[in-house]
Each structure stands twice: as structure tokens, then as C-alpha cells.
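Trainee: Take a look at the letters that make up each chain.
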Amino acid sequence: MKTCIACGNRNNRDEAKWCYQCGNALPATAAADPAMVKPSPVKAETRPQQAVDRSRRFQLPRYEDLTKEQDLAYELPKEGRYLLIGGPGTGKSVIALLRLNTLSKNNPDFLAYNRLLIHYCKALSPVLISASTWITWFKQTFRRQTGKPCPTRDQMWEIDWAAVTEIISQIDPKQIAPPASPYLVIDEGQDMPKDFYWTLSDLGYEHIFVAADFNQVLYPKKSSNRRGLIDALEKKPRKVVTVDEPEERLFDPEAIIELHMNHRNPKSVARLAAHICKFLDNHQSPCTEFHDAMRDAATPVLFGYDPQDPARDRATVCRSIILTADRNPRWLIGILCFTKKLRDEYKQALDDALVEVRHRLDHNDPRIELLDMNQGQEPDFTQGGILVLTAQSCKGLEFDFVFVADIDIYWNNTGNHQLFYVMVTRAMERLVFLYDRTNPCPIANMLPQDSNLLKRDH
Amino acid sequence: MANPAIDAQCRAHRIGEITVKESISVRFSHLLGFAGVGSIVRSEDWLYTLIDTSKWPQHSFLPYVERVRLSLGIDEELHEPPQARLGQNGYVQGATLPGIRFPSWMRCRKCGLMHWQWWNRVKERDDWPRCSDSSCRTRLDQFPWVMIDSNGRMNDVPWHWLLHHGGPCKEDTGNPHLRLIDNRSAGAKPPGPSKRWTLSCKRCGARRDLSEKDAEIDNPQFFRHQPWRSDNPTTDMDPAEETQIVDVSDPRLYSVPSCSALVIPPESRIQRGSVLDRLYCNRNLLDPIRKAKHLTNAVIKQAAHGLNCTSGEIREAAEEIDKGFPLYGQIFTPGQLLEDEFKAIVTPFDPAEGEDFVTFHRTTAWRQLAEHCAEQRQLIRLVDRLIEVKRLREVRVFKGFSRLGVETVVPPDIDGTANWLPAIDLFGEGLFFSLDDTILQVWEEQAGFAGRIETLQRRYTPSGLPKRSELWLPGGRIRPRFMLLHTLSHMLIRQIEASAGYPAASLKERLYCGESMAGILIYVAVPDIVGSLGGLSELSQPNRFLALLASTLEKAEWCSLDPVCSEHQGQGPFLLNFAACHGCALIPEPACLFGNNLLDRTFVRGDEGLGILSIAEQARRSLA
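Chain order of the listed sequences is A and V. Here the first sequence stands for residues 165 to 622, where the numbers follow the numbering used here. Here the second sequence stands for residues 67 to 690, where the numbers follow the numbering used here.
Because the hints were derived from the structure by calculation, they are not lab data. Some hints could be false.
Unchecked claim - Pairs of lysine-lysine residues, derived as DSSO-like cross-links and limited to a Cα-Cα distance of at most 30 Å, are as follows:
id, chain 1, residue 1, chain 2, residue 2
1, A, K386, V, K357
2, A, K303, V, K176
3, V, K359, A, K386
4, V, K176, V, K268
5, V, K357, A, K385
6, V, K121, A, K312
What the hints assert, rightly or not - Here chain A is said to cover these stretches of chain V; the calculated rule only asks that three of the stretch's residues, wherever they fall, bring their Cβ under 8 Å from a Cβ of chain A:
id, segment
7, 367-373
8, 570-582
Idealized CB from N, CA, C, for every residue including glycine.
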């Protein structure tokens, strides 16, 4: 890490000679990055810190804990193709991981969209699983089975599906090497393109289990919709299809299972999520349901901080986040930021706040970690602490306390509604939205006015 | 323009900091005719030339023309040119074809100073290029002379070289120094020699009198292939036989051999909108299926997703296409085109809705008419089939163009490497009838024809026509029945113009002349809109057609220029017409297949002096 003297920008590559932002020369040797290194503890006027047990419960539910609808999904036969559809917190990933456990003798592959989720699932799974991101897995598998490199577009990571289709159609099916195991379990299956599923059949993958939620699509143009996914998983082409027949009949209707009940969020958060889900207006996936018997927790809060007011500015917020982490040492607190720049700002602000409030802490310093998907970090989910990450990478994870940072920079559009739906449903206990109250906040119109659903603290 | 679909040609040029595009509307049928690639197109103020097809922005595959392609001997695919529309705000929406301003030379109206591409010097949007001479400042005009050769090339006139022939005075297009004075204009000095123009150089004082015909351009370095091409293929081309400077309105500048065919069953009967049809027409989806050695899941699913249908339907459609849809292995040879069309027209069938070729046979009603009109029985005997063509689809193909009236055809992409040719669909209606073969055979035997046919044949063979008309006159052999059909069809078109409501220029003839085949299809076919008004097919009602035919034959008897016209021993290009002039048998050029050549009223009305019976008289005798 080298920090540019001229503009202060941090350049990730140590061998870089010129700042990629301002173009000025960089110092010859890499300086220690202030953001990545915890500030040295202030020695004076601190009371002795007491170590505390921060371990939190982080394991799969046992088979006995599954609900009826989850049971139904869990007890599906090993062979065949299945589509599990359910909103956030309904236990899709849990079922997928339990299924991996059941299939462990058949050496199934587990695929998900990003590395963080892969790491999360690996940590959660009781057995050792072979898991990778779908894109890496596909490139390797394609090369192994066809003997040819996977064709990519100009950006090296993006697969050229037209070329893939052409290569496979030119090879004699007998010459395609059989897969190591025909079993696949895919989480967040809506984010993979249709072409990926089409090709899976040609490569000999017979038994595919896909967990998906069409309300949580990352890149709408590159992902699959419900119809496309069902159509792609359909095994034998059927000849007679009338127009009146629902599209699901193409596929064995028994093979589509929907989960409705939310088990992750408390009732207060679930109600807010249901409110946002109405805005998505997406009939492909059901919105999660909540019932009165659910545990309740504090109502989510919309908090407007004021950079001009020293009693209400971002530093104050960060100080109270650290104090919260100190009072609840087993909590994992997630701070979700829209951009990488904002994420780095929050990390810096938290580090500064820690120095200021260290004398008020009851326990030793809480962990403050910045998650960067590109750095290949593997954070520890079994310990409480504060994780700062971007909104896009929070999918599939869960936190006890979620702060959604600076919502004034989101536009009020469908893509952001989906992102909010994902972020809100990460919270297992509490949820706070932060915004800069000196700026207009377009997306606040989407949030409910009812103070029972959301407390507004301007 | 009443035509909703227009095509626009644009030329972007920069004025100061802005790029200005001008668009010209050209009808589709003109784009494949006289306003095609390499032709000179006029806008309100400028002359342009249309750039070749390799630079066309997009073009879409034209389906169901396999028979047309095979019969016309075309190996390339046929593609439709892009269409643009004029939006309400005056902006052109959609892809347009590229063109450039040409000729590049501009001449001052007043002082005759020549400027090279002076429109690039204009600074203001609405300004006009003006003379660079500070005392003159008169408006400049594009000077409408171009240099063409028999290899089909076209270029600017090398004015500087014409005057200096490579002397020490070097060309400098940035500083205009050549003057072209019109000796006949008012105020000019009385011409010394008989030449109209005087070219002089301001710098070295060289002078030369010249006219259009003084093109002694033997220096090949001036020839790029076409104005928009930067390469000079002179080295690998045969030297041109003839090079000329012509005015842009000279008909020798540009000509396009006509190349069209009707779409007939089975291709006209294909049900549009089915999965098979949609897959066949969508090359992006069909190509992976065709290329695939094994129909993999991904290939099928891709197509099914694209067409929003099931994989089963795609598999079925792919099998059908594999079996040879839409022609299923029928073999067509180039010579067969007209025979097939003739057969399709005279064979009755039950058309379904949405077909592209619909006929209605009126022959029975025609024969019954004989009972009521005893005095016209010979005409009813003469015409053995009368058919209303309610709907037809014609495909017109642009194979290339030629210059100076020679046979060398330059392909639409100049190099001939493209795998497609521009083609368009035309829809319309028509009127078909055929003449009784037994009557014709007896009529053809008459000795009086021999001299006339022999003269025509002698003039026809060296003209440029035989290669273009090979389809209609196989072997370049002219037969009396051809002359009869062609002249009769022209006389009919002139007559129909008065009664059907179509101007003669929009009507077209199609002759079916061969052994035991003698038919005339007169039709109207337009691009852009589906179908036409029905006025022409209405004329095939027996009583109306009888009146039409009778009046046509009557008109053929006399021309207002007789006896000059009927006694003429040869008129028109290559003297290929006898008794046919603007007063009787000539029609607008686009309507005729042979450029208003090979016409003679004598073959219709007979001539007692030559011992030729008229065809009507022959029919009357056969009744007896």
C-alpha cells in the first residue's frame, strides 16, 4: 500500500510508481496504511481493559429445528432438479447447506455468486464442502471437460456465452468428459445467467438444486428470471404446450418449492421488509410473511446526522456504534455502505472514534474490520465485532445489528428498492438507517411514515 | 412524399465545430434502380453519390427468396437495405445510407474560378460557399461534369491535368487558380473555335478550349475506383476501353440491369408467424443451430428463449429446416424462371389467408362472353386464359451497375467480396392473359416476317442488350411472337393508363414468351405498402378486358405520326424499333423491361404491303 503525497489517495499495488488518481509520483517504499492499521493504543488515562468472550452462535440449525415447509424442501430426493424459492431469512441457504450434508457421499459442488458468501457458507457448513464462485467453477469445469479454454469477452472475467455454446455444439457429446460428480447445489441461483444453466445440461450435470430469490437480483440484465430458470432446468423438452397452461407446467411442479416464513428477522424488521417488498412489485418470488408469535425487537430507526452539529455528527454516531459494540460484545454489527469510498470513510471514522472513547469502554477494543471482496479476506463470523462492507457484498450474510449508512445518496428506483430489501433483511436484532440531514434524501419517500414501522429521528 | 417508408442518405460534413448531416429521401424502388450505389442523387442544393454496400450500416435478411436466388443464378444472400423514417420534428430516425457530395469541383457563376470541395471552408451553418476571389464573392455551384470509364469507375474531372499535362505548374487545391469560362454566356467574348468552354490558369497563363467530348484522359493515375474509395486498383484492372467526361444528367452515366422475379408457391404459401417461420427468418438464432454438429441443450434453449416457445417446437422446426425447408430440395436452374412463374399463374389453387401470391381465374367467364358478343368472338378465341392476380410479391435484386452502356457490371460492394446483395420486396396486383398457342403458331409461319426479323436480329446482336435480356430472349434469338407480345403489352399499358387510375410509369410488364408459352402480365408493384388499390385487377373482369383489348388493337392501327412512323426503317437506340414512336408504342422507361427497344406495331396490326396478317385477323380465320 502506497499513499500518494499529492492527493492522499491510497494505491493498492505496492509496485505502482504513479498514483492512479492524480498521476503524481508515489514514494519509493510502501508506507503503512493508516486505515488498515489500528491506531496505536493511547497509553495515558485509560483504565485497564478487560478481555471478554465475544463468541456468538454461528452454526446451522439442526434437522429437528426445521419447520414444516423447510422439512418438505429438505426431504426432496437426492436425484433430480429442484428450485427452491424463498425470501430472505426463510432458510434457503440453510436447506442448501443441509442438503450438501446429506449428499456428502456424492461429492457435490456448491456454487454461489461471490467469494464472501462462499466463505460464509464454508464456515457455516458442518462438513467440508467443495465450494467456489460460479464463474471460477465454470471456467475450470469447462476446460476440464471439453479440453478447451473457456472463451471470455474483453473483460477477462466475463464469459462469452455464444462462443461457449458454439464450442460445445461442435464437440461430439461422447468426447465431453463426464463431470466429477453430477450433483450441484447452487445458492443465490437468480444471479447466474440462463446460458449457464443451459450449458450445465450439456456438460452432464443431472442433479441440480437451486435456491433463489428473484427479489434479490444483483445485475438484472445478466441474471435469470423465474420463467427462464424453470425453463433452463426443465429436463426433457415437452412437445405439447397450450397457451393457457401456466408456464410452471413445463417443469415438474413438484420440483418447485416456495418458502414463506421469515426466521431471521424480528417482527419489527420483518414488517419493514414487507413494506419495502410491496414496492418491488415482483410476482416471481413471494414476499416473506410474518406472524404475531414472532419475537419482537426495537423498531428500526431513521437517524439524520448533522455534520455541522458537533453533538449530532458522524463522529458521534461512530462513537455510539463502538459503545454499542462494547455493551453487546457477542453482537456482529454490520455497517453497509453504498460505495467503496464511503466504506473507507466509515472505517476511518470508527478508528478515530475508538481512540476517543476508549476510556469509556468496559471491555477490550472491539474488532473493527473492513471487508473487501477483492482482497480475498475471510472474516470470522463466530466472533462479535464491527464489519464495514459495501451494500452489494452483504447478500446472504446476517448481522445482529445493521447500520445502513448515508441513505441520502441512493436514488429512488427499483434497483435501489431491491438493494434496500436485501440490506434491511440482514438484521437479526436491530436496524438503523443513517443519513446526512443537510442533504435531500429521495429514497426516504419509499420508507414508511408510520412510526410503528420506522421511528424517524431528525 | 406519400410514401411512409423512406430511406435517407446522409453526408456528414463539418461547419466550424458542428457536424452537419443532410438527409435525402429516396424511395426503395429507386434505391435499387437509378438512384443506387454509385449513382448521382440530387438534393435540393447538392449532388451526392451513394457509397457502396460494404459501408452500409445495417441490412436485414430477406426470407423466402430461395427460388428467386436459384432461378436468377445468384449465390449471395439477399438482404433488405435499412429503412429510416422522418420523425415529426423533422429528424431522421433509423439507419441511413452513407453518401458523399460529388462532384467535388465547384465553379463560380460569375468569374468561372474552380474550387475543390469548397463547402469545407464554410464557417457558418446557413452560409453558402462563395468565390475565393475577394473582388467577386459570388455563389459557387457544383460543376456537374464527371469522368467515367467502361470499367464502371467514376471520378472527378482532372481539370489541372487537362490544362497542364504534367507541366511545371503544380496543382494546389487550397488556392484556386483555374478558370472555366462559358463562351456562350452573356458578356463572354465571341467564341473563337466552336468549343463552348475555355479553361485557363491564373498562375501560368495556360489556356485551352474544350468541350465534353475532349476527354483524352489516358493517364490512369487519376482513377480511384469510385469517389469514396481511396485505393487505386488500376494495376490489377484491365485498362478501360473507353473513358469519357459526361454531364451528370447523361443517361450513360449509370444504368442498372433489371433483375426481378415473382415469389410463387411453395414459398408464397408459407404460413407467417409460426415457430418454423420465425426461426427461419432469424439468422442470429438459426446460425448456431445450422453450425452445430450436435443439437445441444444450450443451442436449443437459446433459440427457444429468443422466440419465446418451447424447446420441442424448436427441435421440430430445426428438423424441418434440416430437411430442406422451404423448398425441400427442389432444383431450380436459371433458365427455368419464367416457365415456373407461367406455370404458377395458370395453375388454379385455393389460396389461404395471408399468402403472397393469389390468383383468380376468369377464363370460364371469358369464354362464356362469346355468346353475347358475336362480333368480338375472334378476340375471345385469341385469348385463351384470363387471370386476375389479386396479390403478388416481386423481389427486385440489385446485382450492380454499369457505366457508358457496356456490359461490365460493377457489384454493389465494388469488390464483389460481400456475401449479400441488396434486394427489396414489392407487393402489388396484376392482370394476366395468354394467347392461344395454335393461332400463334400458324401466325408465326408467315413469310412476311422474315425480312423484318432478320434486320432486327442484325442490329440486336452487337448492341449491349442480348446479355441483359438473356432471360426473355434465350440465345439472343428474336421471334415474331416476342415482338407481338412486347408491342401489345406496351399498347395495353398506354390504354390502361386511361382506365385503371395508375400512371403508366407505375405499371410494369412481364412477358412469358417461349415454346407453347405466350403470356403478358401487366402489374403494379410498390415497396413499403402492402398491396395496392385494386384498380388494375378489376380490369380483368371479362367485359372490361374485352373492351380494353378491342380498343388497344384499334389504337394499334394508326399512330398520329403515320405514315412516318409506320414506314420508319429503324428508330431508337441501335435502331431497334420500327413502327414505334412516342405517339404510339413507347412508354415510360421504368415500365419497360427492354428500355423501350424491340417494338413494332406491324406485328400487331399486320401490313398488307408486306403480306403480314394481323393477329386479330388470324384469330378470325381460325374461327372459320
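Trainee: With reference to the structure, classify each hint as holding or not holding.
Mentor: Going through the hints against the structure:
no.: 1; hint: A:K386 <-> V:K357; in the structure: 25 Å, holds
no.: 2; hint: A:K303 <-> V:K176; in the structure: 73 Å, violated
no.: 3; hint: V:K359 <-> A:K386; in the structure: 28 Å, holds
no.: 4; hint: V:K176 <-> V:K268; in the structure: 15 Å, holds
no.: 5; hint: V:K357 <-> A:K385; in the structure: 27 Å, holds
no.: 6; hint: V:K121 <-> A:K312; in the structure: 36 Å, violated
no.: 7; hint: 367-373; in the structure: holds (count 4)
no.: 8; hint: 570-582; in the structure: violated (count 0)
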